[in-house]
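Chemist: Construct the entire structure; sequences and hints are all you get.
The opening residue of the first sequence carries number 30 in our numbering; numbering runs sequentially from there.
Simulated from the structure, these hints should not be mistaken for lab results. A couple of the hints might just be wrong.
[Said to hold, decoys possible] In silico DSS-like pairs for lysine-lysine, Cα to Cα no more than 27 angstroms straight-line: (1) Lys-423 with Lys-496; (2) Lys-203 with Lys-186; (3) Lys-460 with Lys-422; (4) Lys-265 with Lys-327; (5) Lys-61 with Lys-422; (6) Lys-466 with Lys-423; (7) Lys-235 with Lys-203; (8) Lys-489 with Lys-372; (9) Lys-61 with Lys-265; (10) Lys-171 with Lys-147; (11) Lys-235 with Lys-199; (12) Lys-122 with Lys-62; (13) Lys-423 with Lys-372; (14) Lys-345 with Lys-320; (15) Lys-62 with Lys-265; (16) Lys-177 with Lys-203; (17) Lys-155 with Lys-122; (18) Lys-294 with Lys-361; (19) Lys-162 with Lys-199; (20) Lys-422 with Lys-468; (21) Lys-345 with Lys-327; (22) Lys-66 with Lys-235; (23) Lys-122 with Lys-216; (24) Lys-327 with Lys-92.
[What the hints assert, rightly or not] Label pairs and their computed distance ranges (CB to CB): (25) Asp-441 with Lys-361: 27 to 35 angstroms; (26) Gly-105 with His-189: 19 to 27 angstroms; (27) Glu-144 with Ser-335: 16 to 24 angstroms; (28) Ala-176 with Glu-148: 48 to 56 angstroms.
These numbers were taken from a predicted model, which means no experiment stands behind them. Ideal placement from N, C-alpha and C gives every residue a C-beta, glycine not left out.
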Amino acid sequence: MEDIRVRIAPSPSGNLHIGTARTALFNYLYAKKTGGKFVLRIEDTDLERSNAEYTQNIFDSLKALGLQWDEGPDVGGEFGPYYQSERFDIYPKYAQILVDKGYAYECFCTPEELEAEKEEAMKNHKAYVYSRKCMNLSEEEKAALRAKGIKPSIRFKVEHKELIFNDLVKGELKFDTNLIGDFVIMKSNGTPTYNFAVVIDDMMMKISHIIRGEDHISNTPKQILIYEALGAEVPKFGHLGMILAPDRSKLSKRHGATAVSDFVKQGYLTDALINFVALLGWSPSDGVEIKTVEEIAKDFRIHDVSSSNSIFEYDKLNWMNGQYIKKMDISKLTEMTVPFLAKYDLNNMSRENLEKMIEITREPITTLNQLEYDCAYFFGQDVDYTEGLETLKKEEASLVLNRLLELMNGWDFNSDEHIHDKLADFRAEFKEKHNMKPKETMWIVRAAITGRTRGADMAKTMTILGKDVCTHRVKQALEV
RNA sequence: AGCGGUAUCGUCUAGGGGUUAGGAUAGCAGAUUCUCAUUCUGUUGACACGGGUUCGAAUCCCGUUACCGCCGCCA
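Modeler: In structure tokens form, the structure reads like this:
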């Protein structure tokens, strides 16, 4: 079998979309599984909408997700250039070959004429197919049209036949080419249309398998026709179901984050994101869902991919992200949390305490942005008592806090174990003397020192804060 | 309108002519814990509908419905 080569060809008209990331992932997995090559091509022909910032975002996001390409703009490769904008001179040559061989012809129809044809078709409730008005123009007629300043486009002449191909994920797909109509391959401004450019690029880059979203299914027959006309080998196609928003519409900005970098800003880890997205349409044979991309690659078979659409729900992503947060190396995680704690002055906290803070607050969170709220009480002298107010209003509160103040003075705030034991004694004392449940006592302590009803381990929290801050806050709590 | 695709718990999915239709997540209930969090345990919940083939259909076939996609000199 020939070399397996797959590709992802994003258009840099926006940041890397989560759907594109999933398509990239399946291509990557297929390449890894089969020992093939994964190539990246940037389709930046739409100069109006493309920009370098988006291109950079695509590079960064793909890398962060662990989807390193073997060939592409920055790493090179023998089938470049990998920026479509640098390939403009290639397309007219191939279009000319098609014209010369009789597979394509010049079309001088104006947008107005075309519009009229479409309206006519619409009126008769028929599918619009180009009339082929220009197919048999004589050289004289063409010259005359040209003299009038009309620049022709080039249309592909579609043979009437039944076109069948075997899709890697959908199975056998049939099309009646009568319904396609002669489509434009070169615009009158001399640039190629999408359907033409991809074929030429994929052909020249020797792409063997094209795995993409099912929104491309109806482009496929057109592309196959071009491959055939050029006498090129037709690649295998595999069309993935789409990712839909919870309302079953296309995932778009109004649903929130759509770009990988948006998710990262919201506190999702790229490892969790890619793992989650892999499970949309694919499932592991051993039932273990949390897996690295490399582990997934071993188990991956393109034929197992589901051909239906799937809805992107946050519930499971959140859970999965939480799992990754819990398991992540603490030092790396701490680095990663810095942007989410921008509100606070991290310079006043030692690196040791910072890691400790993250260690004790990471457990219940599902996204990193929750840290801003969950870590608030580690900073500053005072604390916001809104959440814990009710607890502090209890009648036992002053009794508990006055006693705490008294005892705390003798505690060693350099030792977690020490504070931990002292707090245990403290609870025991109130249980014995006042018949208070351990949690009731601790609720008051927690509310006084953190202002909250729940939060990180109390002993460790106290050692991070230190005796002065704790004392100050307990006194404050007595005042509310 | 036409063409194409898809249809299993709310969601992601496994399975696939005979199963108690499995798992995950979410939900609910309980347990542990200094915490209304985490963790653990238990539990509710699904084969879109109608025909056909068959001893037997969720599974195969046909139709219907719903949803998605495409119908550009956008990509």
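Chemist: Does each hint fit the structure? Answer for all of them.
Modeler: Hints versus structure:
no.: 1; hint: Lys-423 with Lys-496; verdict: holds (24 angstroms)
no.: 2; hint: Lys-203 with Lys-186; verdict: holds (19 angstroms)
no.: 3; hint: Lys-460 with Lys-422; verdict: holds (19 angstroms)
no.: 4; hint: Lys-265 with Lys-327; verdict: holds (21 angstroms)
no.: 5; hint: Lys-61 with Lys-422; verdict: violated (61 angstroms)
no.: 6; hint: Lys-466 with Lys-423; verdict: holds (14 angstroms)
no.: 7; hint: Lys-235 with Lys-203; verdict: holds (25 angstroms)
no.: 8; hint: Lys-489 with Lys-372; verdict: holds (22 angstroms)
no.: 9; hint: Lys-61 with Lys-265; verdict: holds (17 angstroms)
no.: 10; hint: Lys-171 with Lys-147; verdict: holds (23 angstroms)
no.: 11; hint: Lys-235 with Lys-199; verdict: holds (23 angstroms)
no.: 12; hint: Lys-122 with Lys-62; verdict: violated (36 angstroms)
no.: 13; hint: Lys-423 with Lys-372; verdict: violated (32 angstroms)
no.: 14; hint: Lys-345 with Lys-320; verdict: holds (14 angstroms)
no.: 15; hint: Lys-62 with Lys-265; verdict: holds (16 angstroms)
no.: 16; hint: Lys-177 with Lys-203; verdict: violated (42 angstroms)
no.: 17; hint: Lys-155 with Lys-122; verdict: violated (35 angstroms)
no.: 18; hint: Lys-294 with Lys-361; verdict: holds (16 angstroms)
no.: 19; hint: Lys-162 with Lys-199; verdict: violated (36 angstroms)
no.: 20; hint: Lys-422 with Lys-468; verdict: holds (16 angstroms)
no.: 21; hint: Lys-345 with Lys-327; verdict: holds (23 angstroms)
no.: 22; hint: Lys-66 with Lys-235; verdict: holds (10 angstroms)
no.: 23; hint: Lys-122 with Lys-216; verdict: holds (14 angstroms)
no.: 24; hint: Lys-327 with Lys-92; verdict: holds (20 angstroms)
no.: 25; hint: Asp-441 with Lys-361: 27 to 35 angstroms; verdict: holds (31 angstroms)
no.: 26; hint: Gly-105 with His-189: 19 to 27 angstroms; verdict: violated (43 angstroms)
no.: 27; hint: Glu-144 with Ser-335: 16 to 24 angstroms; verdict: violated (40 angstroms)
no.: 28; hint: Ala-176 with Glu-148: 48 to 56 angstroms; verdict: violated (29 angstroms)
Hint compliance for this structure: hints 5, 12, 13, 16, 17, 19, 26, 27, 28 are broken, all remaining hints hold.
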